[in-house]
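Asks: Going line by line, the protein sequences match chains A and B. Just so we're aligned, residue 1 is where the first sequence starts under this note's numbering, counting upward by one. Just so we're aligned, residue 1 is where the second sequence starts under this note's numbering, counting upward by one.
Keep in mind that a hint or two might mislead.
[Claimed, not checked] Here are the simulated lysine to aspartate or glutamate pairs, EDC-like style, with alpha carbons at most 20 Å apart:
no. : chain 1 : residue 1 : chain 2 : residue 2
1   : A       : K125      : B       : D7
2   : B       : K158      : B       : D94
3   : B       : K158      : B       : E147
4   : B       : K256      : A       : E56
5   : B       : K158      : B       : E179
6   : B       : K256      : A       : E117
It should be emphasised that the hints constitute simulated quantities derived from the structure, not laboratory data.
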Amino acid sequence: MDVIIESLPQYWDGFLRTLFLAVVSGIIALVFGTLLAAARVSPIAALRGFSMAYVEVVRNTPLTIAFFFAAVVLPRLGVTFEQFEIAAIIALSAYTAAFIAEAVRSGVNSVPVGQAEAARSIGMKFGQVLSLIILPQALRTVIPPLINILIALVKNSSVAGAFYVLELFGYGKQLANDHGDAVMWVLVGVAFFYLLITVPLGYLANVVERKVAIAR
Amino acid sequence: MSSVLYDVPGPKARRVSLIGSVIGIILIAAVVAVAVMTLAQQGIFESQRWAIFSQADVWNLIANGIGATLSAAAVAAVIAFPLGLLLCLMRISDIAWIRVPTRIVLEFLRGMPVVLMMLFVLLVFATSSFIAVVAGLVLYNSAIFAEIIRAGIQSLPKGQREAGLAIGLTSFQSRLTIELPQAIRRMLPSLVAQLVVLLKDTSLGYIVAYGELLRAVQVMADFLGPQYLFPVFFVAAAIYIAINLAVSRLAIWIEKRGSKKAAGGTAHVPVAGTAPAK
């Protein structure tokens, strides 16, 4: 138990870095994923094909492979990073974007057909239909699944700890090495800080889901 | 290929779309070309770097890695599914002192990174890395299986349970013989999709030094020399993606096959005026 209190500074540092990784990758992934979803329903065949291939391949790639590529293979190919955080953010956002694209696309499909037809019948172009009519409604309905994807992102950021980034899991490994006699408490502390992020987010998803359900 | 989001393209729109496609393809090709050139400058495409794949030893090591990956996934899936069923039954039990603790445990397991559970088992119980990987996967995925099956039971019409209770089954009998079989059949696509996640997560074994495919490949690159890292990594990634794609396809196939039949196994009667579901 004492180990946790003793190493609070490390935990706090790791906690902040985990949050940082999750927030930055989350924002990049939300933007990139929405663009991918838009490309997937666009009239231009090449964009559709690219989006489909990207989502299909990335969703079936283990995250560890993505991390290994960004943190180990890329540097040996001459793409070096000043900080490994950047490699982690690249891997996490590229991975998460594919899942966000799928969620947003299912949201787009859930918007009643009449909405798009009405928009088109008053003369809107595809870009306008999508950005003014469809996406605002689609994004609203997919907020709960999006929050779940972000929860997964927080948990996935733990893989960064194995690739030279000192976030919660990275500190956990380090502290477990230093305190061989109290490994259990060290890892329980790490678990606590993860739950500090994921459990409130989970409740948020539940609350939003109920709200959206009532609104319909 | 018409969509409700845009008008059926006329000659002008088709031309614009074609130009857009060509530009898009050129852009993607340019990115690929730059990547290939960068790789070529590093000498990636020299034939001797790829010549290692003509050696049987290399393929043996890769096969060992695949075997380790698949065996961890298979053992974990076989344990996690019944455990998930059990957790699900406990989660929806009528008895509060079973239901509430189970709920807390499930919440805890779902909010935890899988790799942390693996490390916990590895260090605290001082087990082999295989057991650590399997235990981490089982703990996490049984919680997910439980939630998926619970969602399936909740999606059943209320009358199923009421009818079960009305003919004198106990609550538990009704769950086991009436609701569970329907729920599992209904959630089969999600369950198989979760199997893909489980299979992908075996790669986390790399972090706890389990000799799965990625670790096998890295050990090989360390032994042969860093110049072989890219070729062996490329092959490992391709194998991983191919296996996962195959299982994903299976999930989609099951979903399509299942949607042809209603939950009771009777033929689905299409209702006039409704568009076929895509």
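Asks: So which of those numbered hints doesn't the model satisfy?
Replies: 6
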